[in-house]
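*Asks:* Sequence:
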Amino acid sequence: MEFLHFTLVDLIDIILVAAVIFVIFRWIKGSSAMNIFIAIIILFLVRVLATALNMRMISALLGAILDVGALAIIIIFQPEIRRFLNNIGRTAGDNTLIRRLLRRQRAEGLDSDNMSQVVSAVEQMASHKTGALIVIRRRDNLQSIIATGDSIDARISERLIMNIFFKNSPLHDGAMVIGDNHIIAARCTLPLTERLDLPAHYGMRHRAAVGLAEQCDADVIVVSEETGQVSFVRGRSITLVETSATLKLKLQNNDQ
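Per this note's numbering: the sequence shown = residues 77 to 332.
One should not assume that every hint holds.
[Claimed, not checked] Within a straight-line C-alpha distance of at most 27 Å, the following computed DSS-like cross-link-like pairs (lysine-lysine) qualify:
no. : residue 1 : residue 2
1   : Lys205    : Lys324
2   : Lys243    : Lys324
3   : Lys326    : Lys205
4   : Lys243    : Lys205
[Stated by the list, open to error] Derived DEER-like restraints, expressed as beta-carbon distance ranges:
no. : residue 1 : residue 2 : range
5   : Phe101    : Gly139    : 21 to 29 Å
6   : Phe101    : Thr265    : 26 to 34 Å
7   : Phe242    : Ala94     : 47 to 55 Å
Since the hints were derived computationally from the structure, they do not count as laboratory data.
Just so we're clear, the structure is a prediction, and the values are computed from it rather than from any experiment.
Virtual Cβ for every residue (Gly too), placed ideally from N, Cα, C.
Let the sequences and hints guide you as you build the complete structure.
*Replies:* What follows is the structure, given as structure tokens:
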């Protein structure tokens, strides 16, 4: 039987396909597209089996479904595809050699004094259960996010951050964006994540923080208004921060 003929090239092909599927699976895990992805994989495997067994009618039917659905798949998975490609580019951009070849700048981050101001403000807001959403810009300029808010362009200070997020402040809703060691804007609107695997107690601030971090390389700090807990979000990772020292360490690890 010809379809049982197996070579080293076939093994390499299978390993590469499995690796691609694993990476895609990891990136859409917990999202609303997960079930659709599983269905596509099942249809593809059934078609491969039908072709191997020379079942022409079912193979042709599944082939037509997959061919016609190619455009629909791209549309359905558009957010996941964008995040996937963005992550590949960001990971490659973090490589020192590639960064030098492309003359790409290092991530901005915060200097020591301004980092201390931010951490102190977060500590105070957490103790008073003042809700806050702070975006720390790195390489991505976030112009589309900044444009949704009110321009501030002010020096970073603990008091100013606390005043902006004070519950009676007209600027307390939405996110603050910090970059170039300045408060750039406040009351900014962030995209919400579509992930379904986040804990039920995470509110809109957490979902907005994850939604932004999925799409760019910014760091996001969340202070819960209900519990006063502080969370640090980078990429698809969200970490509960127990101490100010831990938060400062997270912000210092700027190239991770």
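*Asks:* Does each hint fit the structure? Answer for all of them.
*Replies:* Here is what the structure says about each hint:
1. Lys205 / Lys324: holds, 20 Å
2. Lys243 / Lys324: With a Cα-Cα distance of about 25 Å, the restraint between Lys243 and Lys324 holds, given a limit of 27 Å.
3. Lys326 / Lys205: Holds: Lys326 and Lys205 sit about 21 Å apart, inside 27 Å.
4. Lys243 / Lys205: Status holds; Cα separation ~10 Å.
5. Phe101 / Gly139: 21 to 29 Å: holds, 23 Å
6. Phe101 / Thr265: 26 to 34 Å: This hint holds: roughly 30 Å between Cβ atoms.
7. Phe242 / Ala94: 47 to 55 Å: Distance hint for Phe242, Ala94 holds at roughly 52 Å.
Figure legend: structure checked against the earlier numbered hints; every hint is met.
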